[in-house]
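Single-letter residue listing:
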Amino acid sequence: MDNILIKKEKNPLKTTLHTVYYIIVFGLIFWGFSGIEYKGIMQTAASSMRALWQGFVHPDLVYATNSTIDGLPYAILETIAIAISGTFVSAIISIPFALLASQNIVGQKVSKIGKLIVTMIRTFPELILALIFISVVGPGAPAGILALGIHSIGMLAKLFSESIESMDLGVKEALESCGGNYFEVLFRAVLPQVSPELISYTLYRFEINMRAASTLGLVGAGGIGAPLIFAIRSRSWPRAAIIIIVLIITVTIIDQISGRIRKKLV
Amino acid sequence: MVKFVNVSKTYPNGVEALKNINLEIYEGEFVAIIGLSGAGKSTLLRLINKLIESTGGEVFFDEESVTKAKGKALINIRRQIGMIFQGFNIVKRMSVLSNVLSGRVAYNPTWKTILGLFPEEDKQIAYRALKRVDILEKVHNRASNLSGGQQQRVAIARALAQEPKMMLADEPVASLDPITTVQVMDYLKKINEEDGITTVANLHHVDLAWKYATRVVGVREGKVVYDVMLKDMKKSLFYNDLEKVYGRPIQHDEILGDE
Amino acid sequence: MQKLIVPKPKRLRKYSLIMLVAFMILGSAWFAGFNIIEVLVNLFKGGRLLGRMFFPPNFAYIPRIIDPMLETIQMALVGTFLGAIVALPTAVLAANNFIKTKWLHVPLRLILNVFRTIPAMVLASLFVAIFGLGAFSGVVALAIFTFGLISKLTFETIEAIDYGQVEALMSLGANKMNILRYAIMPQILPQYTSYTIYGFEVNIRAAAVLGWVGAGGIGQTLEYNLAWRQFDNVGTIIIFSFAIVLVIDLVSAAIRKRLV
Numbered sequence: 005m006d007n008i009l010i011k012k013e014k015n016p017l018k019t020t021l022h023t024v025y026y027i028i029v030f031g032l033i034f035w036g037f038s039g040i041e042y043k044g045i046m047q048t049a050a051s052s053m054r055a056l057w058q059g060f061v062h063p064d065l066v067y068a069t070n071s072t073i074d075g076l077p078y079a080i081l082e083t084i085a086i087a088i089s090g091t092f093v094s095a096i097i098s099i100p101f102a103l104l105a106s107q108n109i110v111g112q113k114v115s116k117i118g119k120l121i122v123t124m125i126r127t128f129p130e131l132i133l134a135l136i137f138i139s140v141v142g143p144g145a146p147a148g149i150l151a152l153g154i155h156s157i158g159m160l161a162k163l164f165s166e167s168i169e170s171m172d173l174g175v176k177e178a179l180e181s182c183g184g185n186y187f188e189v190l191f192r193a194v195l196p197q198v199s200p201e202l203i204s205y206t207l208y209r210f211e212i213n214m215r216a217a218s219t220l221g222l223v224g225a226g227g228i229g230a231p232l233i234f235a236i237r238s239r240s241w242p243r244a245a246i247i248i249i250v251l252i253i254t255v256t257i258i259d260q261i262s263g264r265i266r267k268k269l270v
Numbered sequence: 208m209v210k211f212v213n214v215s216k217t218y219p220n221g222v223e224a225l226k227n228i229n230l231e232i233y234e235g236e237f238v239a240i241i242g243l244s245g246a247g248k249s250t251l252l253r254l255i256n257k258l259i260e261s262t263g264g265e266v267f268f269d270e271e272s273v274t275k276a277k278g279k280a281l282i283n284i285r286r287q288i289g290m291i292f293q294g295f296n297i298v299k300r301m302s303v304l305s306n307v308l309s310g311r312v313a314y315n316p317t318w319k320t321i322l323g324l325f326p327e328e329d330k331q332i333a334y335r336a337l338k339r340v341d342i343l344e345k346v347h348n349r350a351s352n353l354s355g356g357q358q359q360r361v362a363i364a365r366a367l368a369q370e371p372k373m374m375l376a377d378e379p380v381a382s383l384d385p386i387t388t389v390q391v392m393d394y395l396k397k398i399n400e401e402d403g404i405t406t407v408a409n410l411h412h413v414d415l416a417w418k419y420a421t422r423v424v425g426v427r428e429g430k431v432v433y434d435v436m437l438k439d440m441k442k443s444l445f446y447n448d449l450e451k452v453y454g455r456p457i458q459h460d461e462i463l464g465d466e
Numbered sequence: 016m017q018k019l020i021v022p023k024p025k026r027l028r029k030y031s032l033i034m035l036v037a038f039m040i041l042g043s044a045w046f047a048g049f050n051i052i053e054v055l056v057n058l059f060k061g062g063r064l065l066g067r068m069f070f071p072p073n074f075a076y077i078p079r080i081i082d083p084m085l086e087t088i089q090m091a092l093v094g095t096f097l098g099a100i101v102a103l104p105t106a107v108l109a110a111n112n113f114i115k116t117k118w119l120h121v122p123l124r125l126i127l128n129v130f131r132t133i134p135a136m137v138l139a140s141l142f143v144a145i146f147g148l149g150a151f152s153g154v155v156a157l158a159i160f161t162f163g164l165i166s167k168l169t170f171e172t173i174e175a176i177d178y179g180q181v182e183a184l185m186s187l188g189a190n191k192m193n194i195l196r197y198a199i200m201p202q203i204l205p206q207y208t209s210y211t212i213y214g215f216e217v218n219i220r221a222a223a224v225l226g227w228v229g230a231g232g233i234g235q236t237l238e239y240n241l242a243w244r245q246f247d248n249v250g251t252i253i254i255f256s257f258a259i260v261l262v263i264d265l266v267s268a269a270i271r272k273r274l275v
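Protein chains in written order, with my numbering: chain D, 5 to 270; chain V, 208 to 466; chain E, 16 to 275.
Any given hint might turn out to be false.
Unchecked claim - No more than 20 Å apart at the CA atoms, straight line, and that leaves these computed lysine to any residue pairs for SDA-like:
id, chain 1, residue 1, chain 2, residue 2
1, V, Lys279, D, Leu190
2, D, Lys119, E, Val217
3, D, Lys113, D, Glu169
Stated by the list, open to error - With the C-beta cut set under 10 Å, the calculated list includes, among others, these residues of chain V facing chain D:
id, residue
4, Lys279
5, Trp318
6, Ala362
The hints are simulated quantities; they were obtained by calculation from the structure and are not laboratory data.
Ideal Cβ placement from N, Cα and C applies to all residues, glycine included.
Let the sequences and hints guide you as you build the complete structure.
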């Protein structure tokens, strides 16, 4: 019996295209590696890591139980406060931005501009924003709140507008037919329809902002960031360790709670 | 009550939904609009309260031009016209009461309606509307907890709360089972006869048109091809006539009950 | 007309919830010392600062930015690559529908969680303290963060696959490696690639600021200029990085659309 010979049709264009893709990708990665200096890892790296490990094994519990303004609990609370306030401010302000970016509310042209503005806000580095606000209201938590608040609009407005664009327009039609004006349609039809999703997205952003808030302290915008970076830079590993541990625990707990609430919403 | 004068509607994608419609709807009538899907029924209905704008001609409501109406004038026209939809369009997360009170938005200042501060009188109107469709006991329930038929009744109540002169119904029973369909149509007929609310309904099932309407308007390819009062018609003649509207004998799925 | 009276059910739970949330928000604002009036009053200062940054930005500075910018991109590329490579096998191990040993999942997911929870900046400064200044520390930080991110997204995808294909292979006697290759990989590869590209998007932004703590890239240039109050240079840097990020976003969004 003769063997059946079936040749798979090779689409030459497709294979060349794929090869080109692979070459580009690997080329990029290779180029990437070539640009990073691997100056012989610091001699002290090994001993630093050992010291770091020691810090984790014997964390600075004194700092952790210091309930004054210099202590860890206060700093963590401040971080949480920054995240809550910043997220809340952002959620409210994001709604008009989201409407401006939603095709089914303001039409094609305006929504494109709206989307661009939102993207621009999203790309503006939080750190710079924090610095700008520090020069405005001085160092400390309020600057962090403003920075987070404004930057979060980038993400929230985008997600909100995606919700709005995918919602069922019927309810909007119904309220218009009753004789509702723009605001009445907004508050009695559009927003109630999308509010579970909006709340869910806000909580999600809150989780992210907890992490961001701890970073902003770096530049002086309040929260746990500053003490943490000081500890790291001065190689006070026990203190750095306890901060990191408490930070991880706090963020994880918040993530869990937030995750459960979000599941119940949708 | 409603007058279409040379009304046309061409959509931006080139589709000519309505061509030169001349039609008058009189007070107290129960008009059923029938025709194939895509014949222009929904467009026709939405031109009455300007949810869609015409591209030619003029629509009048109570001698006032709907086509030219804007802003406050348009709102005043719309609040006199209640509308129910195939998808009910009830805000599921709000209570039944809240949904019905939405019918009163045009009668109250905006800041009050946004905050939900409706006067007691409006609440009474809402309660009475709900009572007329026998669903008052659900007044504080969340709308999502209701069945389809119940939600449509809430929608009717919302329209009733407007204290309207006219009721538009866009395929109001297309999403309902046969028994609930009869229920809802009965309510529409009841408020038409008892409250004198002129009713215009798009219907997919022609036997419903026969059973409930006083007048049948047939739309085909954007034109009105049939317009009769049902008072003195014989059923068999009616069904024969419908070939004009559908271009073919009536099919099974266009009849709801047993024939 | 007779007045209808309808009894209203107790809405205690809903209102107390709203009160609680309001309390938390206001309490936070108070705790953080947030005074809205002060903020609004001082907004002008911010405006002035923005003016010094962007009107006009110092375009002559652009040649000096190119190298750091390239370094930033390289950091993001390598960090994403490394993180993604390690993430794939880890995700396979962490998924609860492939290898079903519980004592593997729990600790693995815990570690992943830790990596995702520590802000990239903190990781970066840690590595700077250990490995010294420069892009290397940044790359390690990004790789770890990316690893956590992609692992999580990927194992969730693995858990959501059509298990039928796995069962089909199991029933004909395929071993785990075969199942992996023929049932799982084909289903998750597009998503995985999409996540990797998304990771790159995130990393390019992160890499831009990691330099702040000394981890290389444009962030260091930024910090330098801010410290010396060369705001017009800062403006240039921001605009330039914005442009790059925008381009990368558009390209990657286009690629991701064609993948999934």
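The hints, checked one at a time:
1. Of the pairs offered as hints, the one joining Lys279(V) and Leu190(D) holds, with about 17 Å between alpha carbons and a cut-off of 20 Å not exceeded.
2. Restraint check: the Cα-Cα separation between Lys119(D) and Val217(E) comes to about 19 Å, which is no more than 20 Å; the hinted pair holds.
3. For the given pair, Lys113(D) sits about 14 Å from Glu169(D) by alpha-carbon distance, which is consistent with the 20 Å threshold.
4. Hint status for Lys279(V) relative to chain D: holds, with the closest Cβ pair at about 9 Å, below 10 Å.
5. For Trp318(V), the interface hint holds, since its Cβ comes within 10 Å of a Cβ in chain D; the closest pair sits about 9 Å apart.
6. Among the interface hints, the one on Ala362(V) holds; its C-beta lies about 7 Å from the nearest C-beta in chain D, closer than the 10 Å criterion.
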